[in-house]
Amino acid sequence: MTGFYTLFYKELLRFWKVSLQTILAPILSSLLYLLIFSHVLANRVQVYDGVTYAVFLIPGLVMMTVLQNSFANSSSSLIQSKITGNLVFVLLSPLSYLEIFLAYISASTLRGLMVGMGVYAAALLFYPLPLQSPLWVILFALLGSALLGVLGVIAGIMSDKFDQLAAFQNFIILPLTFLSGVFYSIHSLPPVWQLLSHLNPFFYMIDGFRYGFFGISDISPYISMSVVLCCLIVISGWALWMLKSGYKIRS
Amino acid sequence: MTPAIEIQRLGKCYGALVALDNVDLVIQPGEFFALLGPNGAGKTTLISILAGLTRASHGTASVMGYDVLSGYREARKRLGVVPQELVYDPFFTVRETLVIQSGYFGLKRNDVWIDEILHHLDLTEKAHANVRALSGGMKRRLLIAQALVHKPPVIILDEPTAGVDVDLRQSLWQFIRQLNLQGHTIVLTTHYLEEAEALCNRVAVLKQGKIIALDSMHNLVHSTRGYTLEFRLSSEKLPSGLQAWPGKQDGCLHSLKIKDSSEIETALSILRESGIQVFDIKLLQPDLESVFMKLMEADSAGSA
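Chain order of the listed sequences is D and Z.
This note's numbering applies: residue 23 is where the first sequence begins, and numbers increase by one.
This note's numbering applies: residue 13 is where the second sequence begins, and numbers increase by one.
Incorrect hints may have been included.
[Unchecked claim] Calculated lysine to aspartate or glutamate pairs in the DMTMM-like style (CA-CA distance at most 20 Å, straight line):
1. D:Lys270 x Z:Glu97
2. Z:Lys138 x Z:Asp127
3. D:Lys266 x Z:Asp79
For the record, the hints were derived by calculation from the structure and aren't laboratory data.
Isolated chain Z, as found in the complex (with noise of 0.2 Å):
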């Protein structure tokens, strides 16, 4: 099967500046994929190349077998991208905005489409509005409908939700994932991990211009093995028995390291026995945040 997205020894510098390190990437069609990483880390770089925006210093990028430089067109026909800044044109109305990207895609009539993806963005009461007059919100969706223009089968999204409020990063993620279900492969970018953890099929993450983990989210957020129990205790010390498990303090407040579950029994049991009450506990199960916050302390422990 053609990848989706195909980089082989991808790299990029700005003077003595190394945006990206020799990437490699393959992403499939039909996936839903994060890439992630700190500002700085080389992901609009990344993009960029993809979108024919940047020229890579050297190493290949293809989108679904198109090579983008040398197959720029049709490459370009296969991808949407939303771009991460919130760019408009404010001479046109919301419906003239998408008629002429269709036309840049070489479609004349496009409007069944076109009233589709305003009804599902939810502008289809502003298409006749000057895109002035839209709400930072309003302006994103347009700008992920301007993407959608050419019913591309591969698209990137940078920093789809920032700065849209929370209900209505709801309903985009709904539309997003449908599109995903027709078969359509995203790429995205984002702050929420959370958000990413609860979409992405696999995951990338970027530092410093080079991949430091490219995995199933599954895989990934279980690679720290264990979880965290924490508990509110009438007692700023704990009983000798659990003075050895590994964790940390915060006045009352105990988070311990446990491997499995079998171990809340005993801990529980510990504090039973020496009389401390237990005001409130919490099991915390390992996230992408605590995964991705410990990636990021690795590498850098590892590179200093």
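Only chain D is shown next, with the shape it has when bound in the complex (with noise of 0.2 Å):
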């Protein structure tokens, strides 16, 4: 257990010395796009009925945010140790490769779920928002930013420069992310973007997410766990497989 504690702590501990970079710059730029977009889009699109646009927007917005940084942090972490070569420290230890995949997507998570609550909670001093099943909320930040945090193991892994890193962050997470329905409800959409929608894994966490506050989704929430959860297994599987047979890091 010392052994998965420490590498847990080192990389907690190396997202919170440059917190400010890591924490605080995502919250401002989440509450940036809240107001600009909810004060754009006020007057002009209602989703659900009883509830304003920009309250429509936080769930999503917070959900974004979540994935976002748990994808940067492992990712990150990885490439930087990969790059400067310290990841031989982590490489010479007998850690298990299990451990080492907790320890990542744990740090991964924490960080994705300090970011969330950091915009959640400066979101409610501006606007009302409801929360009507708590469990929800918890379950599916909870699932997404493992998700993410594992896809950041994987990134990280594969990538051998930070330019592929960031094709990985531009080419697949952002669009996945921008198209997944955080702005808007997919049933407003036409019916073949309705159906990519539906492809898209990212569209089930930011759906759950934001029935755990209104109670409304455009699917069930249990559909969507169901969804995230086997992604979830499938991707772990993976990374869990790249770790052990020591892919791009034990040659």
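From these two lone chains plus the hints, build me the complex, please.
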């Protein structure tokens, strides 16, 4: 346990020491999104009855921030360690691949949740946000951040250079997040885009998360939970295989 | 007795390149062992396989009786590795680095030992400095400290003195020698052959992935018999009595190969009789460097 805990603590310390960049900056940018979009679209869009656009937007923004920061944490930590070479200290240790995996994912999840809570708390100062079933909120936040933490591990291992990681972020993570219904309900989309949205696992995370706040969602939270859980299991299996086989890190 | 390191028919290929070619090697506990060879000979590959950083293509390797793959946890707990590259984690201080490294090995309270290694490696004053702020030599010492946090019985140092000041090198070796006297097995690679010669009891010489020499330092150094007698003379031409002796010449500087010290007297009397003045005499003993050069030449002649 000490080995796992130490790596987890090291990962936590790593982002905590630069929290201005890893915690405060993402909170600020999410609040700017909220400010601008809610102001511009205030009287034009109403997604759910009795819910203003700003209030509709908040859970999506919170979740988006959680996902992006979880991904950023494990992926950037791994690629930095690979490029500077200090990953060797972990590789020389008796830590098992499972311990390494869990430590990176736990730290990523924690950072995602911290940033998410920051955005949520700040938004609450300005907008009254309902909270129908906190358990769904917590569940989807946990599942989503863990899933993105795992994706970050995969991206960090696969990338050899920073620009490859940036490509992963810009061409996969960002489009999937933006097209997942953060800013809209997919019911407002043409049928083709609705269908495509259903193929996007991020959609289920956002939709289920939002259900926890409003008690309304595009699809049942049970379905969303199942989809997200399945994705998490499959992706984790992939990441664990990579770590176990030493893919790209133990030549 | 369980060997500190046991390697059997170990091989590693990168595509068509054979980095290690069926290497067999046993190192006993308490040895001070040198692993020598030119760049690309396979030294670092061998170390990486022992450390679990690289997977062997075939063969087995174990540390203190634990296989580096199937018993990797036990093997790694018994092994401290100082990597060749000056790597560090810029987020942490010297002390944090060592506390974290201890934690990876399951050691929660390791402060007493950490203080001791900081002291021995002259890093106590830098304990709270960020690793980024350390000089190259200090970073090297921190790497050594990191390899020692879990008191491993076997310590491998890959080029530990590359880029380290001369005086610092001395204190470093003193510390490593002390570790060896305390019973730690030390394996090192170095480009400074005189250091290896002064410190190590046994040597393996690697070339193109194969061990081409494996012997005690004493036997290896004395495997080339004889000495070299170097004269600076008043004449470029050797007297006829010495012209048949094997050797070479550079202007007035003559080097003669001799089998034993009695030949010194013979050479001197021949010179005296022919009236040639001797300005300077040097008797060169065989050293690891000359043996090493010879091994490299002999082997390439053999393979050509």
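Quick one, are D:Lys266 and Z:Asp79 close enough, alpha carbons at most 20 Å?
holds, 17 Å
CA of Z:Lys138 to CA of Z:Asp127, is that 20 Å or under?
This hinted pair holds, its Cα atoms lying about 12 Å apart.
Quickly compare the C-alpha distance for D:Lys270 and Z:Glu97 to 20 Å and report which way the hint goes.
Judged against 20 Å, a Cα distance of about 18 Å means the pair holds.
Consistency with the previously given hints is maintained throughout, with no hint failing.
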